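Given only the sequences and the hints, what does the whole structure look like? Please build it.
Quick note on our numbering: the sequence shown kicks off at 53 and runs consecutively.
Hints were generated in silico from the structure; no laboratory data involved.
There's no promise every hint is true.
Pair by pair, the computed Cβ-Cβ distance ranges are [to be verified]:
| id | residue 1 | residue 2 | range |
| --- | --- | --- | --- |
| 1 | E244 | L206 | 19 to 29 Å |
| 2 | E96 | D202 | 32 to 42 Å |
| 3 | E324 | E256 | 22 to 32 Å |
| 4 | R255 | D180 | 39 to 49 Å |
| 5 | N136 | T76 | 32 to 42 Å |
| 6 | L206 | D180 | 21 to 31 Å |
| 7 | D283 | E324 | 11 to 21 Å |
| 8 | R331 | E112 | 29 to 39 Å |
| 9 | S286 | T83 | 33 to 43 Å |
The structure presented is a predicted model; accordingly, all values stated were derived computationally and were not measured.
For glycine and all other residues, C-beta sits at the position ideal for the given N, C-alpha and C.
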Amino acid sequence: MGTYAGVDLGATHIRAIIGDESGTPISSYKTETPRGPNGIAVTEAVLDALREACAAADIEPTDVVAAGIGSFGPLDLAEGIVENPANLPDTIDRIPLTGPVENLLGTSRVYLHNDANAGAIGERFYADRNPDDMIYLTISSGVGAGVVVDGNVLSGWDGNAGEVGHLTIDPHGFMTCGCGHDGHWEAYCSGENIPRYATQLHREDPVETALPLDTEGFSAADVFEYAGEDDFASHVLDQVCHWNAIGVANMVHSYAPLVIYVGGAVAMNNPEQVLDPIRNRLDDMVMSNIPDIQLTNLGDDVGVRGALASALTEGTGDPSKGV
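Here it is in structure tokens:
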């Protein structure tokens, strides 16, 4: 029986998983992502995570038939690297991935994706219906999407397709995104930016509120907690839901998905407050078929399970292309 590997490289943690031919996990390993001194240190941590996962499965790395990698970006697929990652220190400008993993495993069957595409591949592979037209949307510290159209995972020439968090949803540009541009979806609705948005709205109209706006620990969780009890918090959440619905409507018109799976910490921790308003508003925004909006089936494992599914299906998530 062959064994397959998946790696999820995040800004905080690296996760590696070994699975069998059905995609069932056999072993896993998790470690912190190094903050330096350079990209090679991150590469070595990825390789160590794979070695540890293999050891836990009682196999050698060279017993692995194929591997998938889901990673933060930006990616250079041709080189098989992460280049100038925004969420790690500036000393880390280049993280080699595909080549070193190929060398460790002794196979050329290593498939690299951005983390959202890995999520889409995982949702597609493990779904009951295995849809050929679907989106995995993550609303977490950032906003991103993995898109499958006509059975093809949209990667783009450089691996960075699906950066829907940088769609312009507010032409007035009330909020500036972390990328430096105004009006992007992520600037309003990501976990990092919801508290910034609430603070900016309050500066424009300083009404009474129970939200701890001036405290160091003020977070998106506070907005969700106080919404329904505090008028200003309810207004902030209503605006966030409005921008989310616009972003989803733009994706529906662009890609015509049958189903949109939604993951990421913001959505998974507040599923009714995030998903229900999108479902309720799409009919007024979409002129075509409205997709089924579902919470991810894979929870926090969506990235690493997607990477494993990529290894099993030649980077597609299509079970018919599996082993």
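Each hint tested on the structure:
1. Between E244 and L206 the C-beta distance comes to about 25 Å, which sits within the given range of 19 to 29 Å.
2. For E96 and D202, the hinted distance range of 32 to 42 Å is satisfied, since their beta carbons lie about 39 Å from each other.
3. The supplied range of 22 to 32 Å is met by E324 and E256, whose beta-carbon atoms lie about 28 Å from each other.
4. A beta carbon spacing of about 47 Å between R255 and D180 agrees with the range 39 to 49 Å that was offered as a hint.
5. Checked against the hint of 32 to 42 Å, the C-beta distance between N136 and T76 comes to roughly 37 Å, which is consistent with it.
6. The given range of 21 to 31 Å is respected by L206 and D180, whose C-beta atoms sit roughly 23 Å from each other.
7. A beta carbon spacing of about 20 Å between D283 and E324 agrees with the range 11 to 21 Å that was offered as a hint.
8. Look at R331 against E112: about 48 Å separates their beta carbons, and that is not inside 29 to 39 Å.
9. In this structure, S286 and T83 meet the distance hint of 33 to 43 Å, their C-beta atoms being roughly 41 Å apart.
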